[in-house]
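J.: Here is what each chain is made of, one letter per residue.
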Amino acid sequence: MEYDAGATAWVLMSSALVLFMTPGLALFYGGMTRSKNVLNMLMMNLYCVGIIPVLWVIVGFTLAFGSSGDAGWLGDFEFLGAKDLYSVLPGDLGTNQFFGALTIPVVVFSAFQLTFAVITPALISGAVADRLKFAAWALFIPLWAILVYSPVAHWVFAGGWLADLGALDFAGGAVVHMNAGAAALALVLLLGRRKGWPDTPMPPHNLTMTMLGTGILFFGWFGFNAGSALAADGIAAAAFMNTFVAAAAGMIAWLVVEWLKDGHPTTLGACSGAVAGLVAITPCAGFVGGLSPLYIGLGVGVVCYFAISMKYKFGYDDSLDVVGVHLIGGLFGTLALGLFADSSINGLVTNEGLFLGGGADLLLDQAIAAAATIGFAFVATMIIGKVIDMTIGLRVSEADELTGLDLSQHAEAGYNLADHS
Amino acid sequence: MEYDAGATAWVLMSSALVLFMTPGLALFYGGMTRSKNVLNMLMMNLYCVGIIPVLWVIVGFTLAFGSSGDAGWLGDFEFLGAKDLYSVLPGDLGTNQFFGALTIPVVVFSAFQLTFAVITPALISGAVADRLKFAAWALFIPLWAILVYSPVAHWVFAGGWLADLGALDFAGGAVVHMNAGAAALALVLLLGRRKGWPDTPMPPHNLTMTMLGTGILFFGWFGFNAGSALAADGIAAAAFMNTFVAAAAGMIAWLVVEWLKDGHPTTLGACSGAVAGLVAITPCAGFVGGLSPLYIGLGVGVVCYFAISMKYKFGYDDSLDVVGVHLIGGLFGTLALGLFADSSINGLVTNEGLFLGGGADLLLDQAIAAAATIGFAFVATMIIGKVIDMTIGLRVSEADELTGLDLSQHAEAGYNLADHS
Amino acid sequence: MEYDAGATAWVLMSSALVLFMTPGLALFYGGMTRSKNVLNMLMMNLYCVGIIPVLWVIVGFTLAFGSSGDAGWLGDFEFLGAKDLYSVLPGDLGTNQFFGALTIPVVVFSAFQLTFAVITPALISGAVADRLKFAAWALFIPLWAILVYSPVAHWVFAGGWLADLGALDFAGGAVVHMNAGAAALALVLLLGRRKGWPDTPMPPHNLTMTMLGTGILFFGWFGFNAGSALAADGIAAAAFMNTFVAAAAGMIAWLVVEWLKDGHPTTLGACSGAVAGLVAITPCAGFVGGLSPLYIGLGVGVVCYFAISMKYKFGYDDSLDVVGVHLIGGLFGTLALGLFADSSINGLVTNEGLFLGGGADLLLDQAIAAAATIGFAFVATMIIGKVIDMTIGLRVSEADELTGLDLSQHAEAGYNLADHS
Amino acid sequence: MKQITAVIKPFKLDDVKTAMKGAGVQGMTVTEVKGFGRQGGHTEVYRGAEYQVDLVPKVRLDAVVDDADVAAVVEALIAAANTGDIGDGKVWVSDVFDITRIRTGEKGADAV
Amino acid sequence: MKQITAVIKPFKLDDVKTAMKGAGVQGMTVTEVKGFGRQGGHTEVYRGAEYQVDLVPKVRLDAVVDDADVAAVVEALIAAANTGDIGDGKVWVSDVFDITRIRTGEKGADAV
Amino acid sequence: MKQITAVIKPFKLDDVKTAMKGAGVQGMTVTEVKGFGRQGGHTEVYRGAEYQVDLVPKVRLDAVVDDADVAAVVEALIAAANTGDIGDGKVWVSDVFDITRIRTGEKGADAV
Ligand SMILES: Nc1ncnc2c1ncn2[C@@H]1O[C@H](COP(=O)(O)OP(=O)(O)O)[C@@H](O)[C@H]1O
Ligand SMILES: Nc1ncnc2c1ncn2[C@@H]1O[C@H](COP(=O)(O)OP(=O)(O)O)[C@@H](O)[C@H]1O
Ligand SMILES: Nc1ncnc2c1ncn2[C@@H]1O[C@H](COP(=O)(O)OP(=O)(O)O)[C@@H](O)[C@H]1O
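In order, the protein sequence lines correspond to chains A, B, C, D, E and F. Quick note: the first sequence uses the working numbering, first residue 1, plus one each step. Quick note: the second sequence uses the working numbering, first residue 1001, plus one each step. Quick note: the third sequence uses the working numbering, first residue 2001, plus one each step. Quick note: the fourth sequence uses the working numbering, first residue 3001, plus one each step. Quick note: the fifth sequence uses the working numbering, first residue 4001, plus one each step. Quick note: the sixth sequence uses the working numbering, first residue 5001, plus one each step.
Hints are computed from structural coordinates only; laboratory data are not their basis. Treat the hints with care, since some could be wrong.
Claimed, not checked - Below, a sample of chain E positions facing chain D; criterion: calculated Cβ distance under 10 Å:
| # | residue |
| --- | --- |
| 1 | ALA4006 |
| 2 | THR4018 |
| 3 | LYS4021 |
| 4 | THR4043 |
| 5 | ARG4060 |
| 6 | SER4094 |
| 7 | ASP4098 |
Stated by the list, open to error - What follows is a list of derived Cβ distance ranges for each label pair:
| # | chain 1 | residue 1 | chain 2 | residue 2 | range |
| --- | --- | --- | --- | --- | --- |
| 8 | D | THR3018 | A | ASP361 | 19 to 25 Å |
| 9 | A | ASP400 | D | GLN3052 | 31 to 37 Å |
| 10 | B | ASP1164 | C | TRP2161 | 38 to 44 Å |
| 11 | C | GLU2398 | D | GLN3052 | 50 to 56 Å |
| 12 | C | MET2310 | A | ASP400 | 51 to 57 Å |
| 13 | E | GLU4106 | D | GLU3075 | 55 to 61 Å |
Just so you know, even glycine gets a beta-carbon here, dropped at the ideal spot from N, CA and C.
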């Protein structure tokens, strides 16, 4: 088969961009931790870059994308152990409208999807910062990838039951953000608060690192969203622009709110707002147009600003605000698509959004998809987390927490700026 | 219409690359500031990533690219509020040779141009480092974007009067570099010197950050210049190679001069020379070939090395050398194109450069374009700056300057490496 | 000629990615040095980004790729001084199967190859950290580029004698990694150990920088390997996926071994393992499929973990393990291709690997290529190094080594975090 | 006047500062230091090479106080800094002749 | 011999160093410290959470000088470090028995 | 009790620590400092602007020891820190009234 070289080039590139997001995320979070825990944060993210691809070619991809388009719950084993992965034709991947139109090698599609499978569990790291045993993480990630990520990816991205129902998710509002956000909530409830939280100040140890991470995330997110068009066409173009505008609007909204409320526009606020905008536009990116991304970005910037203070009210220590930004931001975007979806942008939109006169049908489907994803991810993560807690234990000792996880878990120090040699 | 998927892929990618340059610029400059002002520098840049896209879809794009090819002064309102932005066909964008040949969705073109609109005002931040009120910047940027950037972009990139005159600017020697450089000069004249400058040493607080920023800028500049071909063709290829060679030559020239003059080849010199080379090749990138980029890079490396010491002579505190590098480097490149433009590289070159036997016509047009851009940007910026100064004030209090802008403007500290928790 | 826009887009992008690897490498190594030498490490890498392109357009490219496909030892001068570089058609570049199929402008091919020429000598910097005179490096690099890199590139990439023999090297296992690794070994033997090594601890001064560098390297390596397909096709796709999986497997293998042996999974181990995986897959990337990248990655992760301790046994101070990772990892990958090469992935594989039933022919060719590359690079580097040592001297004075190379070679300090102004 | 110097665990800084304020101290100077002592250190591993690090992060406090206040301040400091675990640190007192507030030129008890 | 210890505003370091050189000091040791005192601190905000930071950056100087020079050095130091604003810092003097220059073994006034 | 304070070259820290341990010191506190002195400094260049930097990195050690041990410790320290080159640093001794181990409340010689 003749592949479309332009599409292939763009998806190859997008895959590289999305892979780059995980180190970006590591820095984004790493800058916010205390300096004694920065390497542990980086390692939690790096580890996902290591273990997930190994699992993916063996079993993860086939569980997510085997028997694509079956309106079902889980993939089958057709690609087990990378079988046929390098030779299968896109047309054989699945029979629905979406896969029928694929013009790139399946192995590129698989690599692109792999990058999503890598970053999704990595997102959870921000919530459990500073106190999770690395061995527990090392066990949690493969289990979660197989038991939670692959199924949800199948439901939504592989023409599984949620896609069949009519819910839309362009690039992972459900699969990535709500999924990880709900898992994060479950895990911090099991894990408990950091020693000292919330009374002891734990300011970010290096905001320049966080801003660099934000830059990388922003950059990579173009691959995430516009790459999800799986072609270099008008839909990719729209997704690109929407991503840009929503991120910008999220930043501006957050800055305005905090300037008014706290008296200062902050770097961390700018970064947080941009990420919130990026999260919210993710499900919508290739389905909306005009000024919709502006409204979505502005809205989520305000909503997430307030969402991150929930943790103080309810007392769970979502350390770096994974719940506040990814769960809430992902939910906001998923529902917003029910308002703004535009069939002139993308023919896959069969029910337009409420504000475009398409009625509430899509909004309802979106709500169902959100509820299903959040519910499943929360419960499944609780079970996995509980099992790990009862076996090897989730949490480091108090002494190890005090010393810092870099030394206690990795026998390393992040910084040795003073030199004695 | 069938878009060219290869071209679309390349321009999408280039847009992402150019967007990534602004965080890169933030780090480039941020490393050069004192540690108490690093976040403010990052924030000035981030803010451009936030506010400009919001303005762009509403009004910036249409002011720059409405009625493209009209040989005029300013765009009209055809794309106001993102109207038709997602649906207009490239052929309808403008009627001149350039737009007629466009083979990518207009929304991609708009996103690509947006990245230029973001980074251009961001460049100014380096000049005003360490003493500008953030509120003043927050006001200055949108005003400047609309009153200065959009018009100049129209003149040059949208077939406005300067393009019509015959001046060439492949990727923004005028629109980006001289424009920002002249604005920077105006602003520092209004703002005055940093307390203590030039007697008190204010060494860069983190040159590793500056070198990282340089790496990102270099990387992104391939999108900036080769993406400006708006296609994945031989012109993009030439622009790519020219960018590479000129940056390298700029670095080598700077290093050689400083090694001879100051006794040491420095990291900051290498970074500065590379950036100077990149600035100078920007207007020339898709219009020259052979060893021309080598000569341009070598020339600008030497010229900018000397240009940055003008500030000591004339006593204006262009803190991180925006004038010395972008105004002078952009001017150098713009004029160099009058010497080296080569019609065998690009058919848009109708008058070849002086050294290629095309006479002085192009050189003259280039000089006019330079003068017009510099003059307009300088005067308009002066007016905008003066108005802001007279209303909310440009400069922070002396106490705030001493404390540092991170704490005084953003209530944050860049680094908290010592941990007390 | 009509170029393939998709292929051109991908190779342009890949070139940018590979260029970005050199700053990434600078950070990867820079984080591992002591803080007083960090800028020198960055500068050694930056300098390659400066001097190599200048040489390349003048003479490096033609020595490597002049008279491509001649089964010979060195290119001729057909492209001397960039002659015809911007106009030659791909079909005229060389007559063998490989160049005949090229569908991108030659200048893009040249830029892509240039990025390899930049990073290969840069790799050597890690071995000579903390004690090499910058002037010696400034002289060594151009000599090595012309006398070692261009010939070896001709042998392998330009259809020279090694390619003609039947040895395969998809993206530079020999040309890049063994070549640089053998050179590194030669140079550290001449240069001697760092003062204090191995008794005095010299821990990495900033592992967050190393992890950022790793992220950039990983990202860029997709361009390195998948870009080496010189098209956006199924081979690029396979190379991409293989790169991803091998890097991941290398990381996991290293982490497992060190966790078992040293008691902790470390950040530096994760980074090192990923890089080892990337090195080993480089020669194999577009020639293998299925689970082969997994086996290659796992194997090299274990092998390199042990290889880096050779230096303690034999007493050479390969400071940041260029020999252990690049020479050994490159050798491992080059030989592994003799086991795993798969003609169903790439038609250029005429002898399949031993494990695919193709017998030992390819393995033998690979061994010859490895021996030839290592032998030549080692001897030639010894000679170049010796000449420099006898003229301007290789090593800084003991006082300069103690003060640190940043101050003594560059009159700069990496960090000025405390502010007195 | 006396100078009270204490070396404490970093995470105790806040408590100790509060306790000293409670005992009447109005100013002090804080230095990030590393301590060597009975607490021992830890092992770091870089690419298989083990390093014994016997310096652990500590915080040093210096407060000049009036002779009359020394006992109370030291007591408060010890109470706040004590965790009972090895490495809690030391506090010692030495003589100061003369202290001047730079801003005003005030001396002695008026200066602290 | 006496040890003069001063805590000053960081941006005054250069002036103070020059003044002390002027008063005959040939060496001193400089430490980056944080100070707590009347000057108070500032508020930092991270994602809406306000932190009260009551430690401000200061520079500590230690110079051992001959008894005869103490008064002049302290005076010069104060003059240079004074801005008149709160937080200018302190200077205090304490006794030193014995100072040795490590390189030569010289003692007392010859060692400083 | 006496406090021994030394300012040494950073790369000598390990040797000095070992020597002091050998002389019976069981604990000490280490501070990264910058020193100004006869050694002079160096020039830094940033974009053609030359800066004279006269502060060089040093390490400060503070150890409180029993009066009886002072001479031996100082001697050991000097022997280990000496390179014979300018900038080797100083060591000086001052009086300490009272030292308490925070963990146990032990005082004097038992506390160090
Ligand atoms: N003799 C000493 N002089 C100065 N500082 C000391 C001395 N002994 C210990 N310290 C400091 O006190 C800290 C704690 O001492 P250590 O012996 O580890 O535990 P403990 O305080 O429980 O006896 C050390 O890390 C060091 O900073
Ligand atoms: N009693 C003290 N002992 C030691 N250092 C002190 C003491 N009081 C103040 N300092 C130091 O002096 C600095 C300035 O003191 P502060 O009370 O803020 O202002 P001022 O010097 O104007 O009285 C403090 O930040 C602290 O570092
Ligand atoms: N009078 C002093 N008081 C305190 N510290 C001093 C004094 N003189 C020198 N030092 C410290 O000792 C270090 C070495 O002193 P210096 O005069 O450079 O060389 P040397 O030790 O060979 O005489 C200085 O960098 C400084 O930290």
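J.: All hints, please: hold or fail.
T.: Hint check results:
Taking 10 Å as the C-beta cut-off, the interface hint given for ALA4006/E holds, the closest approach to chain D being about 8 Å. The restraint placing THR4018/E at the interface with chain D is violated, with a minimum CB-CB distance near 16 Å, outside the 10 Å limit. Against a cut-off of 10 Å between C-beta atoms, the interface hint on LYS4021/E is violated, since the closest Cβ of chain D lies about 18 Å away. Among the interface hints, the one on THR4043/E is violated; its C-beta lies about 16 Å from the nearest C-beta in chain D, farther than the 10 Å criterion.
Because the beta carbon of ARG4060/E sits about 6 Å from the nearest beta carbon in chain D, less than 10 Å, this interface hint is met. For SER4094/E, the interface hint holds, since its Cβ comes within 10 Å of a Cβ in chain D; the closest pair sits about 5 Å apart. With a cut of 10 Å, the hint placing ASP4098/E at the interface with chain D is violated, because the nearest CB-to-CB distance is about 15 Å. Judged by the Cβ atoms, the range 19 to 25 Å given for THR3018/D and ASP361/A is violated: they are separated by roughly 60 Å.
Checked against the given bound of 31 to 37 Å, the beta carbons of ASP400/A and GLN3052/D, roughly 19 Å apart, lie outside it. Between ASP1164/B and TRP2161/C, the C-beta spacing of about 57 Å breaks the proposed range 38 to 44 Å. Taken as a hint, the range 50 to 56 Å is violated for the pair GLU2398/C and GLN3052/D, whose Cβ atoms sit roughly 26 Å apart. The given range of 51 to 57 Å is broken by MET2310/C and ASP400/A, whose C-beta atoms sit roughly 34 Å from each other.
Between GLU4106/E and GLU3075/D the beta carbons are some 42 Å apart, a value that contradicts the proposed interval 55 to 61 Å.
Checked against the numbered hints above, the structure breaks hints 2, 3, 4, 7, 8, 9, 10, 11, 12, 13 and satisfies the rest.
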